[in-house]
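So the protein lines, in turn, are chains R and Z.
Residues 1 to 327, numbered by my numbering, are exactly what the first sequence covers, in order.
Residues 1001 to 1382, numbered by my numbering, are exactly what the second sequence covers, in order.
Note that these hints are calculated values from the structure, not bench results.
Glycine included, every Cβ here is placed at the ideal spot set by N, Cα and C.
Among these hints, one or two may not hold up.
Taking lysine to aspartate or glutamate and the DMTMM-like style, the derived pairs with C-alpha atoms no more than 20 angstroms apart in a straight line are [to be verified]:
no. : chain 1 : residue 1 : chain 2 : residue 2
1   : Z       : K1125     : R       : E35
2   : R       : K244      : Z       : D1186
3   : Z       : K1125     : R       : E15
4   : Z       : K1125     : Z       : D1139
The calculated label-pair distances, taken between Cβ atoms and stated as ranges, are [claimed, not checked]:
no. : chain 1 : residue 1 : chain 2 : residue 2 : range
5   : R       : T29       : Z       : E1028     : 33 to 41 angstroms
6   : Z       : A1053     : R       : R40       : 48 to 56 angstroms
7   : Z       : D1291     : R       : H99       : 47 to 55 angstroms
8   : Z       : R1026     : R       : D241      : 46 to 54 angstroms
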Amino acid sequence: MQLHTGLASVFPRSEALVAATRDFDRGRTTADALEELYARTETEVLALEERLGFDTRTAGYLRWQDLFRPFAETWDGFTVGPVTRWFQTNTFFRRPVLHTPPERRPGEFAARLPKPLTGAGAATAKVLLPGPYTFAGLLDNRSGEPDSALIHRIGRLLAEEVKELRGKGYRTFQFQEPLLADRPPEGVAAESVLAAYQSVAHQLSGGTSIVWTYHGDGAAVAPLLARLSVGVVGVDLAETDVAKLPIALEHKGIGLGVVDPRTTLVEEAGEVARIVRSVRDRLHPSSIWLSNGAPIDLLPWEPATRKLHVLPAARQLLAGPDGGGRS
Amino acid sequence: MSELPLFPMQEIGSLMKPRWQLLGQRGEPLDARALDELEIWDKRLRLSEGPMAATVKSLRAGRSREAGAEAVRDLGALFALRYFESVGLDRVYDGEARRIEMYEHAIRQMRGFQFQGHVRSFDNKYYLKAAGTGEIRLDRPYHLEEFDFVRRHARATPKIPITGAYTLADWSYNEYYLSRTSGWKDRATRRSAQREFVVEIARKALRPTIAALVAAGARVIQIDEPAAGTHPDEADLVVEGFNAATDGIDAEFSMHICYSDYRDLYPALLEAKRCRQWAWEFANRDFEDRDGYAILNLLNEYGDPREVGLGVLDVHRDEVESPELVADRIRRTVRILGDPRRLWINPDCGLRTRSLDVAYAKLEAMAKGVQLARKEFAPSHR
């Protein structure tokens, strides 16, 4: 069984970047100065990921204003809508408003990926994307297209993005699907989710696809997760009892969101290792991906950095010949 | 209550700080924009003829440093009082002129918290977030100085906005109470620790503060719980925090909640026995094709007889509501609740999101709308 560690979301902006983005909005700093700081901070995040021994790199996705903006701004059919609460948190996103069935503009999303991930960095990069169910479910659909059809259409468009990015050397694609856990789909919608990920699978050509659920109980949606054509399914362990993950997930890659960004309290490496062993011994996953559960940018920069150290510490505990012992 | 008119008016809390206050309290001389602003509002509110005339004079003369930060803040508070009173509000406060904002200001008064850094709210907007890292303690009750100033200068009845225990806990990280539990911090463990956190803030910080304010003469207190609707399964914690904070205190309490699905909060809210009024946001959800006030049927469904502070001004849009729209919103609510005497009229939320000019125009429209409604419902005048 392979054990991977890495980030599963956008990383918080540093305090310097917080100040600079505010200053930029108030006309107190220039676009060039802000750009320079973004680049420097991306390098810092990348260095942190290297230091922590992460297998995949993100450079923090610091410029993204929210999960949907890179698409709402580069795909045709959208405008950027009102500020809307992000699940049960005190953070918000701008709800995309879809006026006509969406169309992608080739190359434009790729240009929104952090620069350190391009070129040689692509091979180890983790590309973050909104999952088709979450994207379709959280936008304001005024296009006239039924929601279930929209899930599949967005899945096909994301598949085209994956195809383009595979051509540029990217291998790992993580689809953020909090809505799957918050509001599991049923009937036609569930079938559309399956079809959407089938479309993605067709364009992966040997790459890895991950569906990451959070803000809800992953066990409740696990039967559907088990049927998705993806390599890895991730659950948020602050919301999910691993003992309730069904045997249907056996042999699949399992993502475990062990770092909870809802608290500054640092998780214990021994406890994380114990959970990993229990999943390993019960579900025999092909791989385990350890990460944060909900987005790590629910924390400020410093506590986020502090908490992530549990991942290499747990990895070390699990490094013995038998995975560091039985569960 | 007998001296109050039908549909009495109130504000909800914050007001944008005038530019002259921001510059003045930093000791910087006023620029042309700030001077213009001071002149315009002085003409309307006659601040230079009142108890803070010397401070106005110093600011005008470019002597902010000489005026002193405290006096400039006092002038800011007096400005807000006169601003609200000039529209005819029956309950007023100082626009939170002395507070940084509703979360950070309260947390800074307490022991047991450490600020952790900024979290993004959305886009390039952030808020400073603290973690509860120890036992909650209060060196001394807060809001007393600001209340003392308001008490001495207000012409209308003061209503003090105080951030509620649930919101303070929800907007913080719960480190201390969670650390006292063992094993994996699952949902049930987190909930139990959160309950402890909320109740401790209420008992150790809010209740002593409210008790001291009441002892100092405060009669009307608004507990602000904007986070109430964030976690629908924690509605009982909102109420538990409210009950612990107000336990045994004789005052007139209201609870302000906004941008929430109020249905999620019932039946839990029924247990907030000392709460006399719900002051909620409605205008922001009221459109031609969607009645934002229909949710008030909820009170009938649950037999909740409390007063309603009716949000009739959307504080997130510059467009000024017409008096007719305000009157229509009141009319629709009376149709639902039956008794017009249950209504207070207010903006949806604090007005700090709007410029002083826009906020004032909105308040004037509110007052005119209330006049229209009073004519219509005159037979049932209280």
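Results for each hint:
Between the alpha carbons of K1125 of chain Z and E35 of chain R the distance comes to roughly 18 angstroms, so the proposed pair stays at or under 20 angstroms and holds. Under the criterion of a C-alpha separation no larger than 20 angstroms, the hint pairing K244 of chain R with D1186 of chain Z is consistent with the structure, at around 13 angstroms. Taken as a hint, the K1125 of chain Z and E15 of chain R pair is honoured in the structure, with Cα atoms around 13 angstroms apart against an allowance of 20 angstroms. Only pairs whose Cα atoms come within 20 angstroms are accepted, and K1125 of chain Z paired with D1139 of chain Z is rejected, the gap being roughly 31 angstroms.
Between T29 of chain R and E1028 of chain Z the beta carbon distance is about 20 angstroms. The supplied range of 33 to 41 angstroms is therefore violated. A beta carbon spacing of about 51 angstroms between A1053 of chain Z and R40 of chain R agrees with the range 48 to 56 angstroms that was offered as a hint. A beta carbon spacing of about 25 angstroms between D1291 of chain Z and H99 of chain R contradicts the range 47 to 55 angstroms that was offered as a hint. At roughly 53 angstroms, the beta-carbon separation of R1026 of chain Z and D241 of chain R lies within the given 46 to 54 angstroms, and the hint holds.
Checked against the numbered hints listed earlier, the structure breaks hints 4, 5 and 7; every other hint is satisfied.
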